[in-house]
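Build the full structure now, drawing on both the sequences and the hints.
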Amino acid sequence: MFRNQYDTDVTTWSPAGRLFQVEYAMEAVKQGAAAVGLRSTSHVVLATVNKAASDLSSHQRKVFKIDDHIGVAIAGLTADGRVLSRYLRNECINHAFVYESPLPVSRLVVRLADKAQVCTQRSWKRPYGVGLLVAGLDETGAHLYYNCPSGNYFEYQAFAIGSRSQAAKTYMERRFEAFNNYSRDELIKDAIFAIRETLQGEKLTSSICTVAIVGIGEPFHMIDQKIIQEVIDSVEIKEDAAAADQAPAQDDDKSSEAAPMDI
Amino acid sequence: MFRNQYDTDVTTWSPAGRLFQVEYAMEAVKQGAAAVGLRSTSHVVLATVNKAASDLSSHQRKVFKIDDHIGVAIAGLTADGRVLSRYLRNECINHAFVYESPLPVSRLVVRLADKAQVCTQRSWKRPYGVGLLVAGLDETGAHLYYNCPSGNYFEYQAFAIGSRSQAAKTYMERRFEAFNNYSRDELIKDAIFAIRETLQGEKLTSSICTVAIVGIGEPFHMIDQKIIQEVIDSVEIKEDAAAADQAPAQDDDKSSEAAPMDI
Amino acid sequence: MFRNQYDTDVTTWSPAGRLFQVEYAMEAVKQGAAAVGLRSTSHVVLATVNKAASDLSSHQRKVFKIDDHIGVAIAGLTADGRVLSRYLRNECINHAFVYESPLPVSRLVVRLADKAQVCTQRSWKRPYGVGLLVAGLDETGAHLYYNCPSGNYFEYQAFAIGSRSQAAKTYMERRFEAFNNYSRDELIKDAIFAIRETLQGEKLTSSICTVAIVGIGEPFHMIDQKIIQEVIDSVEIKEDAAAADQAPAQDDDKSSEAAPMDI
Amino acid sequence: MFRNQYDTDVTTWSPAGRLFQVEYAMEAVKQGAAAVGLRSTSHVVLATVNKAASDLSSHQRKVFKIDDHIGVAIAGLTADGRVLSRYLRNECINHAFVYESPLPVSRLVVRLADKAQVCTQRSWKRPYGVGLLVAGLDETGAHLYYNCPSGNYFEYQAFAIGSRSQAAKTYMERRFEAFNNYSRDELIKDAIFAIRETLQGEKLTSSICTVAIVGIGEPFHMIDQKIIQEVIDSVEIKEDAAAADQAPAQDDDKSSEAAPMDI
Amino acid sequence: MFRNQYDTDVTTWSPAGRLFQVEYAMEAVKQGAAAVGLRSTSHVVLATVNKAASDLSSHQRKVFKIDDHIGVAIAGLTADGRVLSRYLRNECINHAFVYESPLPVSRLVVRLADKAQVCTQRSWKRPYGVGLLVAGLDETGAHLYYNCPSGNYFEYQAFAIGSRSQAAKTYMERRFEAFNNYSRDELIKDAIFAIRETLQGEKLTSSICTVAIVGIGEPFHMIDQKIIQEVIDSVEIKEDAAAADQAPAQDDDKSSEAAPMDI
Amino acid sequence: MFRNQYDTDVTTWSPAGRLFQVEYAMEAVKQGAAAVGLRSTSHVVLATVNKAASDLSSHQRKVFKIDDHIGVAIAGLTADGRVLSRYLRNECINHAFVYESPLPVSRLVVRLADKAQVCTQRSWKRPYGVGLLVAGLDETGAHLYYNCPSGNYFEYQAFAIGSRSQAAKTYMERRFEAFNNYSRDELIKDAIFAIRETLQGEKLTSSICTVAIVGIGEPFHMIDQKIIQEVIDSVEIKEDAAAADQAPAQDDDKSSEAAPMDI
Amino acid sequence: MFRNQYDTDVTTWSPAGRLFQVEYAMEAVKQGAAAVGLRSTSHVVLATVNKAASDLSSHQRKVFKIDDHIGVAIAGLTADGRVLSRYLRNECINHAFVYESPLPVSRLVVRLADKAQVCTQRSWKRPYGVGLLVAGLDETGAHLYYNCPSGNYFEYQAFAIGSRSQAAKTYMERRFEAFNNYSRDELIKDAIFAIRETLQGEKLTSSICTVAIVGIGEPFHMIDQKIIQEVIDSVEIKEDAAAADQAPAQDDDKSSEAAPMDI
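Residue numbers (our numbering), protein chains in the order written: chain C, -9 to 253; chain A, -9 to 253; chain S, -9 to 253; chain Z, -9 to 253; chain U, -9 to 253; chain L, -9 to 253; chain H, -9 to 253.
The hints are simulated quantities; they were obtained by calculation from the structure and are not laboratory data. Don't be surprised by glycine CBs; every beta carbon is placed ideally from N, CA and C. Heads up, some of the hints might be wrong.
To be verified - Covered stretches of chain C (chain S as the covering partner; in silico rule of three or more C-beta atoms under 8 Å from a C-beta of chain S):
| # | region |
| --- | --- |
| 1 | 13 to 24 |
| 2 | 43 to 53 |
| 3 | 167 to 181 |
Stated by the list, open to error - Capping the alpha-carbon separation at 30 Å, the derived lysine-lysine pairs in DSS-like fashion look like this:
| # | chain 1 | residue 1 | chain 2 | residue 2 |
| --- | --- | --- | --- | --- |
| 4 | C | K115 | Z | K41 |
| 5 | A | K216 | A | K179 |
| 6 | S | K105 | A | K115 |
| 7 | H | K216 | H | K193 |
| 8 | H | K115 | H | K55 |
| 9 | Z | K41 | A | K105 |
| 10 | Z | K55 | A | K105 |
| 11 | H | K193 | U | K41 |
| 12 | S | K105 | C | K41 |
| 13 | U | K115 | H | K115 |
| 14 | H | K193 | S | K115 |
| 15 | S | K115 | U | K105 |
| 16 | A | K115 | Z | K115 |
| 17 | S | K115 | L | K193 |
| 18 | A | K115 | S | K115 |
| 19 | U | K105 | S | K105 |
Said to hold, decoys possible - Listed below are several chain S residues computed to face chain C (Cβ distance under 8 Å; list not exhaustive):
| # | residue |
| --- | --- |
| 20 | T1 |
| 21 | W3 |
| 22 | P5 |
| 23 | D104 |
| 24 | F144 |
| 25 | Y161 |
| 26 | N170 |
| 27 | Y172 |
This is the structure we're talking about:
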């Protein structure tokens, strides 16, 4: 590995004006299991791959409920994600207590981004190693944000992060124009399709993915495993043949073994 | 890359009396998407390029309203810019609360510069990686300032920062003498022209730029996308031929891909 | 040993998005004496190997009672494990005092994980060098968790950590589907079997292992050495022949001598 | 560049008893645009070169009013100079509030020097990179001091700092004996002459220099640009021929381009 | 000596999951003069070698009384041992004051171990360089513990630490099964025998060793030098011949000269 | 320059038991302009060389009045000396306020030495780079002390510090036995003679030296320049011939140019 | 000098379990001027060499009175010794104030040792570079202790520290058995003899040594120079011949010139 003298301290700029430690933390997001999010005008769906580490274990949680109207899906260091989720929950509770109304999604996202930015400007800390897809519903409608370790955030119609997320992004880019008018069930279906893209040939079952939804008249909650399996089954029949033809892309196939900290 | 022993710590002077870390932070501004500002005696216009990272996302905000009479456009680390914008907003609110009058632009700019200077004199921090064009209107008229990571600030008639901003500066230098007497609409038009210069051959559309204005009788606000597109369209017709002739300068064409932190 | 410039500071990311110091702390868990845990719907059993350092000494404690309904088994740095156990005890006592009800296992596990995560994000600390199997019973039934130095935790049906734990995991993976319906005594028996797997040819006696149980109607307590020996003896008779056939796997046979800090 | 192990930390002495980091900070003063000061018994005049960075910008301020009876001219890091000016202003205001009389110049200069000295004895700070010419009038007459990044200060009859200041010093050394009895206007004229020396062949106009004065019956204020231009014009006529003969010294001609932080 | 990049900071893990600085501190214990401890069910005896540095000096104290029922013998850095002894005394006094009963030995040992553990997890400290044999009597009988710089502790029937302690351990391992039923005097005799083993050929006299006892009806106190000499003398007569035959092991003979800090 | 790994940190001992950083700070004293002190039983005289940096400047102050009965002369970093002088003044004022009597010289000197010692035992500070000759009169008579950057102090009959001070010391060593009975004027004369020795051939004038005195019936004050010049003139006549014969010692002739921080 | 990676930080253990920085600080003691102490049952005498740095100076104090019943002699860094003496004085005063009885010598010595130990376990400090011979008288008789930079202390019948102290130790080892019954005057005489041994051929006069005594009926005080000279003179006559025969050992003859910080 090439030695670079500007990349061991988060408060050191490189001559080209880059903060390498922040960029390296963003790599941790790419190594985590994939997470996708989609949004219509009224609903947001989050989906993650979470294979159990072994037959003996339950899987690691990758989707967290923050409040009735907000939830997050994470990719990267799970421990960092859990700590940030707790922070988000506190922010929502405090707001609700003071103002007696739910915290708007965009404001929560800014606070999260500010918390992440601080970690990029203190020499004794490190940037968080986790990316968060924030799904929420407020008076301005349904929203999907991506919060990055650098302290940036972006609003998306649909987005995928984590290992082999490019396949999911490609799938969604072909279809995103229709998303705004999708029904609740169509969103769930496309989320499952997108997450399947990241598996690259591996068989999708309800046991290795989590799907959650928030929308009008529907607080943030996980979709039942049975319903997910039904969607998968209905799809399988139609696409059996097609799947056989498709050669799986194996670009970063080994990342899941290489990732040693369950990221 | 040449190893330089004086450039890893912001509190270390080089033998020639330079602070390399501050200079490197100023490089981050050059890598950000371009931002331009123009000023007549009564109005200031800010314009930024903000292409969305992908079709799926909304674009990153580069222009922030600070108060009714002040707004900023940023180039560089967006997260740093957002944190500084929040600081500016607090300063304005506090001043208005205490003195019941808007904070003069020049005083806000000094406070911002002082905040940036502190980060250049503490070993456990880093200089901010963002440049801000501050547009404001107060009793002394319309003002345009540029705040730099080094803690310096400058007043400008017109200025451009960020990636390929030299082209915009060249454009504006040919015309700046007339700016003082420009009408509101002429300012907007020239801001769009200047921002187009930074695209170097790429087609400008209203979707990849933001234009904001503040002036007498007009609080700081973003210009409607439709109006921007109309200006662009009216220009296109006249300049179609000329554009074909002009060979695009491609000096730093790749900087947008190289910039990995959405700066 | 290959020199790696990103692995001496816990707050330094590697270019590939890894925190090597956290991974190295996880190695300490692998070097500790083995610990296994199994769970039925009503009971959890923990078992550890704890050979005395010499004939003159008692063995080091590897299983700690936290509260009537919770206990832990550790692998790795015993001193770190003891300090964390004390923290857990305080959390349980405080909860019981305030709410007059036992602390749910899952909440205790999250607090433990958060405490571990903090040590991965401060430059003047180090990650804990110990893994904990947390066994507990609450209103939602019996639970078995594994808390890792990285700040992650996982729920398991059955799990083994520490030196040569792979053999125990393999043993349990073949049988885990039945565990949920096991009786209390079957669980103990399988825990002893699993722990025997990690000894790889060495003779298991009640003096070199500790077994503890928590379950419905049974607070967390250590199983009497005599009972353990009886189980071992009853097994020996049946498996005498089989044991002779089985070539012991000697992959990491030397780790116990190499571990210099009684981990 | 020769590597010197004693020059990266401000609290490290070299074997020869030098503090290199302080010396390097003094280099920053030499790279700044020139500033000169002259003093008669009743008046002090400060003059600085401040070319605008581009046609579009106003020039950076190099002369600051501190109080009615005190002003400073800076050379070096403008941001550091501005922060120190604010400190000086506060000292003057506080003194006036408590004692109801203006702060004597010499006492202000000592406080400034003490503030600078502290930055040379703490490992987490850096010496200020700015030199200040302090001009003031108090009961003991007119004073001109130079405050250096090392925490030293000197009283001068006349002095010049910054880029190519040697030429101005040489000019003033030939004439300084008469300064004490100069009239107000003669001082201004010689200040402009001295500042012209630092331009070395470049044409002096009122737009690229600032002149300020404080004296008996005259609070510290900037001299009007028009008056400066008149002085320049009256001189030009006489010296046209002589200027042509004089070969410009170009020893440090490139320093203004090399100085990247507007120092 | 082989350069190892993971062994200069106590908070740095090696890739194999070891904390080298803690292991190095444990080496300091091995270099100190030997200390042994033996325990019956009712008594504990501690014995140390403490040769005076020169004829002119008294010997350094290696055995400290903590409370009536507890005492310690140390090997390693004497200064660290003294500081820890004072801590132990305070703990005992505070407990006695609050609860009006002596502090149980096992609880004192845990507090000592926790204090040692903290020093292994802070970057600005160092692990203590001293091992302590803690002898105590409480309601659960007589106890002998060994507290190690790593923060671990072990209960022992008999143990020896420090320079050439292996010989004493070997001696005691041959006999330890009988220790539980030893009388008070037999324990003292065997302690002296064990300590003689560590001298390897050098003649044992009462002036170069300290023996202390605590037991039922007998508070912790040093055994009178005269009594020790009597025991030695009674032994000498019997073993004179045997000693001549025994070739002294000289493996680490030079450690006492090499140890420069009276450890 | 020879690289020495033990000389960059003031808290690091060399293997030979030296603190190089303290020794290097003492070098700074040797580079400063010379200062001498002489003492009779009733008076102390201090004298310093203080050439102005240029014709335009007044000279840097090297002698400071602390209280009516105490004054100091410094050699080394002037800024450090000034800060210490202020500290001394505060100590004197506080003592006088509390006890209504002047602070004894020896006690002031100890406090100064203690302040210097602290800077040699903290890793984030640096030793002061200045030596102080403290002249004072109290109930025990007249005193002359030398305070060194190491935190040591010495009482002297006569002493010289700074650049080329050896010549002055040699001069005074030949005569010091008579000093005790010198009159006030003889002391002044010999102080001027001694200071002339340090100039090594350069002509002494009253403008390049400062002489101060404190004694019975005479508070600490500077001697008038006119009186000094008279003494010099009276001497010149007699010694004109002798001076011509004496070959000036040029051992450290260049130190004054090498000293870059006005030390 | 051999580079050793474990010897620049006081909190870093070497692989062999040594703290090199503490050992290096102990070297500073060896470089200081010699100090000796002797003790009978009723008196303790301290003696030090303290040659003045030059004819002009008084000598540096090496013996300090702490209280009426306690005094110290130091070797090593005088500044460190003075700071520790002040600490000891405060301890004595506080004890006397609270308990209305003098502080026992052994308790003072332990507090001093604890203060020294702290400096060996904090990364931002350094071990003290001074050894102290503590002479005191309390209810348990006369005592002589040696406090070492490592935080250790030893009780001695007689001891010598500092440069060429081995000769004094050898002298005293030949005679120490009689010391207990020495009269006050015999102790003084032997102290002077011992100190003379460290001079190795150089002539001893009362002006280059200090002798102090504390004993029953005699508070700690310095012996009058005249009395010392008388003792020396009475000895000289007898030993004139013998001294001529004795070849002076010159092993570390140059240490006094090499010691640059008056240690």
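Okay, the hints, checked on the actual structure:
| no. | hint | in the structure |
| --- | --- | --- |
| 1 | 13 to 24 | holds (count 8) |
| 2 | 43 to 53 | holds (count 7) |
| 3 | 167 to 181 | violated (count 0) |
| 4 | C:K115 x Z:K41 | 42 Å, violated |
| 5 | A:K216 x A:K179 | 14 Å, holds |
| 6 | S:K105 x A:K115 | 26 Å, holds |
| 7 | H:K216 x H:K193 | 16 Å, holds |
| 8 | H:K115 x H:K55 | 27 Å, holds |
| 9 | Z:K41 x A:K105 | 25 Å, holds |
| 10 | Z:K55 x A:K105 | 21 Å, holds |
| 11 | H:K193 x U:K41 | 37 Å, violated |
| 12 | S:K105 x C:K41 | 25 Å, holds |
| 13 | U:K115 x H:K115 | 11 Å, holds |
| 14 | H:K193 x S:K115 | 58 Å, violated |
| 15 | S:K115 x U:K105 | 16 Å, holds |
| 16 | A:K115 x Z:K115 | 11 Å, holds |
| 17 | S:K115 x L:K193 | 63 Å, violated |
| 18 | A:K115 x S:K115 | 20 Å, holds |
| 19 | U:K105 x S:K105 | 19 Å, holds |
| 20 | T1 | 4 Å, holds |
| 21 | W3 | 4 Å, holds |
| 22 | P5 | 5 Å, holds |
| 23 | D104 | 6 Å, holds |
| 24 | F144 | 5 Å, holds |
| 25 | Y161 | 11 Å, violated |
| 26 | N170 | 12 Å, violated |
| 27 | Y172 | 14 Å, violated |
The structure is inconsistent with the numbered hints 3, 4, 11, 14, 17, 25, 26, 27, although it conforms to all the rest.
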